[in-house]
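Colleague: Protein chains in written order, with my numbering: chain G, 1 to 443; chain X, 1 to 328.
Heads up, some of the hints might be wrong.
Claimed, not checked - Computed from the model, here is a short list of chain G residues facing chain X with C-beta under 10 Å:
(1) S88
(2) G115
(3) N296
(4) F297
(5) N300
(6) L357
(7) V399
(8) I405
(9) T407
(10) L417
Claimed, not checked - Okay, the calculated bits of chain X under chain G, using three or more residues with CB under 8 Å as the criterion:
(11) 44-57
(12) 77-90
(13) 97-110
(14) 161-173
(15) 288-300
Claimed, not checked - The calculated label-pair distances, taken between Cβ atoms and stated as ranges, are:
(16) X:I206 - G:L409: 38 to 48 Å
(17) G:P169 - X:I206: 24 to 34 Å
(18) X:K244 - G:M16: 47 to 57 Å
(19) G:L427 - X:P157: 46 to 56 Å
(20) X:A308 - G:M271: 32 to 42 Å
(21) G:S274 - X:E215: 35 to 45 Å
(22) X:M1 - G:P382: 31 to 41 Å
(23) G:Y307 - X:N156: 50 to 60 Å
Keep in mind that the hints were calculated from the coordinates and are not lab data. All values derive from a computational prediction rather than experimental measurement. The C-beta atom is built at its ideal place from N, Cα and C for all residues, glycine as well.
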Amino acid sequence: MDVVIADRLQFAFTVMFHYLFPITTIGLVPFVALYTIQGVRGDADAAKAAAFWTKIFAVNFAIGVVTGIPMEFQFGTNWAAFSAVSGSVIGQPLAMEGVYAFFLESIFLGVLLYGKTYVAPWLYATSAVAVWFGSWLSGFFIVATDAWMQHPVGYTITPSGVIELTSLPAVLLSPFAWWQFLHVLCGALVAGGFVVAGIGAYYLLSKRETLLARRFVDAGVIVAFVFSILVVFPTGDRNGDDVTKYQPIKLAAMEGLYATTKDAPLAIIGMPDSHTKSLIDPIYVPDILSFLAYGNFNANVKGLNAYAAALEPPVVLTYYAYHMMVGLGTIFVAIAALATVFLWRKRLFETPAILWLLMLGMPFPYIASEAGWVVSEVGRQPWIIYGIMRTAAGVSPTVASGETIFTLLGFAGMYFLLGVLFLYLVLREIALGPSAVVEHGAA
Amino acid sequence: MSIVAFIVIAFMITVYVLLDGYDLGVGAITPLVARSDRQREGSMRSIGPFWNGNEVWLIAGGGALFALFPKAYASSFSGFYLPFIIVLWLLMFRGVAMELRSHFPSELWHQFWDACFAVSSVLLIVLFGVALGNLLHGVPLGRQGYFIGTFDELLNPYSVLVGVFALVALALHGTTFLVMRTQGPAAQRAQRLLPRLWAVALVLYIAVSAATVAERGIGFSWIGLVPLLTLASLGALLFLSLHKDGRGAFMASSAFLASLLLQAAVTLYPYLLPSLPLGSGGISIFDAAPSPLALASALTVTIVGLVAVVIYSALVMRQLAGKVVVED
């Protein structure tokens, strides 16, 4: 196997597995913090809810941490040429993630898990807020690192080919990074809302924990509704604008648009065929792609054929990932809106069909988030730093593909084990329920 | 400014060794002092609130190395590919063991994770020690600063000796932590074990020092003061421990480790990765640093952030202080 493919496979596999857990922690942490604060203020049910969600959060956090460490170090182990060239820029947000966000999150989570009987109530509540802030800030620094690879700013290239930082504020305040972060954040909150509502729905359907379950469904549905809209507009829309502006070939791949077209239609479904360079069995909505990309129904949209083949990202994967993300995003708005209407009419808790929808809906925000990252990163190819450095030029010169395949197999085995253990433990916590949660004891 | 960056990295590594060192040490020593399920749980509980925060020093240190010395980060991590990945796997196993042990009330489940915890702790300490040994020993570097040697060259006698010394030193450190932080039969056994570990650590310290002098010769003359500090803190450790001052002994053990790392840093300077044969150069802090502007920016954000971390983690540790009591 080609060493570049081996390195990319290992990174893709480890990051996609890792990302499942931050989705949950970022999406759940507001619930954890708010229930904790209500609990500290004397709401006994909220205290139970806080203990329950803290436990779920902690398992996700732990697996997120252990699978996150290989991510940071893989830049050095597998992408040494890239790191040596760009470290002065991307090392900074990564270092700041550790120093500013991860410390905050880890140290105060320690208080949240072990400190209830030791520390003053105000410090306990503050710890929950610190964990909340730390986990979102951590997400920001990671997205800012990726955003720089998508749309490099605040740098200069020396004659020896090394990229040097010229402005840290330019990197951290890049509008590209902020819109991408807000989109990712909204996506995680959709997942958080669906998880809280879905587990509440499970309890209601199995006629247990009814009181708390109603609160879960209530809060989860509202969060899912608000953020399933925000993830589309304005954040998703603005991400689309940035892609149109800075990475037009990625846009063409996302839409499966081969020929440059005026009044370009939007393909709702259709299967890209890389031989005939067209979509098989497409269903189009006329003119909409031109409108979405340029705000004008008649605008000219450049197709893939207009670019050199060497600049083309893997079209099929980018296309499907994008359509999965957008399709699921639309379904989330529909489910959340429907549930909100029933909640408004005070009939949601007695309508099993919708509770079933909420419960079965839980995995899908994860799939949509992962698909979104595939669009972003696979669509970035063949660049590791957009327009500056090719992915193939970024790999470690001393690591052979055989070595990477060996470690990839090791990661695969270990993550399989982790996945099984995680599911077992989380399902067990859910089966036990919030009423069974006692003070988090040993480590 | 490269020198300040070197000090920042050395500081972060030292704090990492002092903090994660005690929880790794607890992992290594637990099978010797904790004889029942409850006792082993108590020893894990003693580090429960802290180990994750401690490990962040490694992650933040890695990030800082990336930002401050990108070339050293790139060539060392890719050059030592397999050892690094093995370290990652061990860190994962250890984290999972600590997190998952308590979730299921079954003795078999506990025994399995206790074993994982102990084995991964021991192996991590030895690997870290061997890595430090190789840094001091020098490694074969190619023209562009990438490692060109083989795996078995990394297991040279000197580095293995440093690895063994690391195991004993951190086991001693973990023992002082257990004595300070827990109460019960395991803590008493740890207290009795302490002088014996101490004696082994002293012997190994002398052996490693002699081997280092044989490898590298005597460095700057004022380094001579650092071994005095090492011996003084080692002496204080035994004295305070025999006088049942748990906190003092832990502090002395921390000073002992810090002095060792100070000595290692001074010996290495100005290299991050010295090349073999020694004296033939390597990756120095001046080659590996980015432009002054980038370095200044990275240093500023790192130092400001670390000051904040030190303040709030001290606050939290004070709040969570107190003994973990384990009756049998």
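Colleague: Looking back at the numbered hints, which does the structure fail to meet, lowest number first?
Modeller: 3, 4, 5, 6, 8, 14, 17, 20, 21
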